[in-house]
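Residue-level listing of the chains:
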Amino acid sequence: MLIAHDVWFGYDERTPVVCGISLDVAPGAIVGILGPNGSGKTTFLRLLAGTRRPQRGSVMLDGQPLASRSRDALARRIAVVPQETQLAFDYSVAEVAMMGRYAHLGAFEIEGPDDTAFVSAALAATGTQQLANRPFATLSGGEKQRVVIAAALAQLSGGDDAPLLLLDEPTASLDIGYQLEVVSVLRQLHADRGLAIVISTHDLNLAASLCDQLLLVREGRVIAEGLTETVLTAVNIRALYGVEAEVIVRPSGRRVVLPLERVGR
Amino acid sequence: MTSLRARLVLTTAGFGALAVAAVVLAPLVGSTRISLRAAFDWSRPFNDNPDAQIFFIARLPRTLAGASVGALLAAAGVVFQGLLRNPLATPFTLGISAGAALGAMLAITFNWSFRALGLSAVPAAAFAGSLLAVAIVYGLSQARHRGLSTTVLLLAGVTLNAFLSALILFVQYFANFADTYRTLRWLMGDLDVSSYEPLIAAFPLGLVSLAIFAWLARPLNLLALGADSAESRGLNVTGAQRTAFLSASLATGAAVSIGGPIGFVGIIIPHLVRLIVGSDHRLVLPAAALFGAAFLVGCDMLARTLMAPIELPVGVITALIGGPFFLWLLVRRA
Numbered sequence: 001m002l003i004a005h006d007v008w009f010g011y012d013e014r015t016p017v018v019c020g021i022s023l024d025v026a027p028g029a030i031v032g033i034l035g036p037n038g039s040g041k042t043t044f045l046r047l048l049a050g051t052r053r054p055q056r057g058s059v060m061l062d063g064q065p066l067a068s069r070s071r072d073a074l075a076r077r078i079a080v081v082p083q084e085t086q087l088a089f090d091y092s093v094a095e096v097a098m099m100g101r102y103a104h105l106g107a108f109e110i111e112g113p114d115d116t117a118f119v120s121a122a123l124a125a126t127g128t129q130q131l132a133n134r135p136f137a138t139l140s141g142g143e144k145q146r147v148v149i150a151a152a153l154a155q156l157s158g159g160d161d162a163p164l165l166l167l168d169e170p171t172a173s174l175d176i177g178y179q180l181e182v183v184s185v186l187r188q189l190h191a192d193r194g195l196a197i198v199i200s201t202h203d204l205n206l207a208a209s210l211c212d213q214l215l216l217v218r219e220g221r222v223i224a225e226g227l228t229e230t231v232l233t234a235v236n237i238r239a240l241y242g243v244e245a246e247v248i249v250r251p252s253g254r255r256v257v258l259p260l261e262r263v264g265r
Numbered sequence: 001m002t003s004l005r006a007r008l009v010l011t012t013a014g015f016g017a018l019a020v021a022a023v024v025l026a027p028l029v030g031s032t033r034i035s036l037r038a039a040f041d042w043s044r045p046f047n048d049n050p051d052a053q054i055f056f057i058a059r060l061p062r063t064l065a066g067a068s069v070g071a072l073l074a075a076a077g078v079v080f081q082g083l084l085r086n087p088l089a090t091p092f093t094l095g096i097s098a099g100a101a102l103g104a105m106l107a108i109t110f111n112w113s114f115r116a117l118g119l120s121a122v123p124a125a126a127f128a129g130s131l132l133a134v135a136i137v138y139g140l141s142q143a144r145h146r147g148l149s150t151t152v153l154l155l156a157g158v159t160l161n162a163f164l165s166a167l168i169l170f171v172q173y174f175a176n177f178a179d180t181y182r183t184l185r186w187l188m189g190d191l192d193v194s195s196y197e198p199l200i201a202a203f204p205l206g207l208v209s210l211a212i213f214a215w216l217a218r219p220l221n222l223l224a225l226g227a228d229s230a231e232s233r234g235l236n237v238t239g240a241q242r243t244a245f246l247s248a249s250l251a252t253g254a255a256v257s258i259g260g261p262i263g264f265v266g267i268i269i270p271h272l273v274r275l276i277v278g279s280d281h282r283l284v285l286p287a288a289a290l291f292g293a294a295f296l297v298g299c300d301m302l303a304r305t306l307m308a309p310i311e312l313p314v315g316v317i318t319a320l321i322g323g324p325f326f327l328w329l330l331v332r333r334a
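For the protein sequence lines, the chains are A and B, in the order given.
Sequence positions in the first sequence follow our numbering and run 1 to 265.
Sequence positions in the second sequence follow our numbering and run 1 to 334.
Since the hints were derived computationally from the structure, they do not count as laboratory data.
Ideal placement from N, C-alpha and C gives every residue a C-beta, glycine not left out.
Just to be clear, a hint being listed does not mean it is correct.
Distance ranges between label pairs, derived from CB positions [to be verified]: (1) P324/B - A191/A: 53 to 59 Å; (2) R193/A - L327/B: 48 to 54 Å; (3) A172/A - T12/B: 40 to 46 Å; (4) D175/A - V208/B: 47 to 53 Å; (5) R134/A - T12/B: 23 to 29 Å; (6) A13/B - R134/A: 25 to 31 Å; (7) A13/B - R187/A: 43 to 49 Å; (8) L330/B - R187/A: 42 to 48 Å; (9) D175/A - L184/B: 54 to 60 Å; (10) L275/B - A26/A: 48 to 54 Å; (11) A17/B - R134/A: 27 to 33 Å.
Given the sequences, and given the hints that come with them, work out the whole structure.
Here you go:
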């Protein structure tokens, strides 16, 4: 569905940040992107979302380059959840979620009953409907992140085709309780709505439990990719982070990563 | 949650009533009592009718100027705050007022007497000066970035403000006493227009800016999320930022060419309005425009009556009210 082919990008000409990454996201897939700080994960997600254009290579959605679609049309298919959302002004939770409907409305159009229904459903799906009238700024980190996911859902609601949710380290600033909360919301949405998900994260255990496919990126290049059970190995973790780790396979088949010490690559 | 449509009607009606009340009341108030019946007595020739002269030549244009300038500055303040994602920004933060002041000062000091766009030299030069400042800041913000850098915009604006102010002081140092006095009076901000000319000249510009602001309301809401998030929601961020900067700059330039740099309207009003109607720009913008009009007309009433028959410059009144209010706001936020 969403296919990046040999994508290159740099914020200035001399230092490319993304160096020839390819990725094929199938409908309903959950793909994790792992890599150290500064490895180009965020930039690659921007390229997938179409908010930056590759300098070489291509990103195609349903066989057409992203650039051939209008911003509106693209926003109705692909939504992005950033690591953190800081509002410049005090908006209520309902208002923030309603901002997801931007791409569905004309320039001077006011949200109608459909939009209200989509937003209510999105708040319910993320367990935030009781927060609707609270100021966004007063929420905890986990609540904020669930509301931003709700806004992304509202953005993808009412479109015709398979929707895609891109998340950039959505749990990076959350404690383990909120991390698990966000993960369970994502798993539920994937089950209920068939969302395809691409998520970048530093949390190997989150990746192990949520993603069925992983992309390991270092210095803008892919060092390994494939199914989670084949890619998430001690050898790859050492190559990626320079960290000695033990990968434990639990009876359920789920992998747990135990980082031990920094050893260099 | 009441629907936005209902809240929009309520907000517009409420603040609209306030603006209309101020505009109706203001021409009746002043150091000289006038009789409305006499002013509207068409059977008397206008030249023979002091009530009509005071009403139609002194007070009505002044009231309309207050309403227009108040509306434009307050709405432009909202747009600049949304654009810069900074609730402490004002229409004068980016150097537009300093550019206008430079133009006005040059016209006063060198006694220019040209007319342009139906304006006499001082407002015309002020408007040209504001355009120059806008062009410089805009050019700088585009120079090294794809799109428009709001950080560069802010820093360039603040620096330009300081630079142009120094330029004004430099010329003033050599100017004669009378010209310096007139420049100082211009800098205080005053609505004593005494004719409809500047209003008619600024009207189309103001109207176009307000129409663009109406379109900007939803984009400004999205910009509050941050540029990347706004972009991924489907907004053309750079386009919206450019439109916001240029339209708010034009509105500010038009307002300043009429009334001089009348401070604090562009920051107090947006803040008060947000406290009342929330942050949705579709409510904040019309409410700020209407409330700004009512506020400035009200301040001008005070300016004309507080020390009557002396008429204070309205900019002094808005600063005396606005300064302490702004400080309170800063402390309250921290």
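Comparing the hints with the structure gives:
1. P324/B - A191/A: 53 to 59 Å: holds, 57 Å
2. R193/A - L327/B: 48 to 54 Å: holds, 50 Å
3. A172/A - T12/B: 40 to 46 Å: 43 Å Cβ-Cβ, so the 40 to 46 Å window holds.
4. D175/A - V208/B: 47 to 53 Å: Cβ of D175/A to Cβ of V208/B: about 51 Å, so the range 47 to 53 Å holds.
5. R134/A - T12/B: 23 to 29 Å: holds, 27 Å
6. A13/B - R134/A: 25 to 31 Å: holds, 28 Å
7. A13/B - R187/A: 43 to 49 Å: holds, 48 Å
8. L330/B - R187/A: 42 to 48 Å: holds, 45 Å
9. D175/A - L184/B: 54 to 60 Å: Holds: the Cβ-Cβ distance is about 59 Å, inside 54 to 60 Å.
10. L275/B - A26/A: 48 to 54 Å: Given range 48 to 54 Å: holds, Cβ gap about 50 Å.
11. A17/B - R134/A: 27 to 33 Å: For A17/B and R134/A the Cβ distance comes to about 31 Å; the hint holds.
In this structure, every one of the numbered hints holds.
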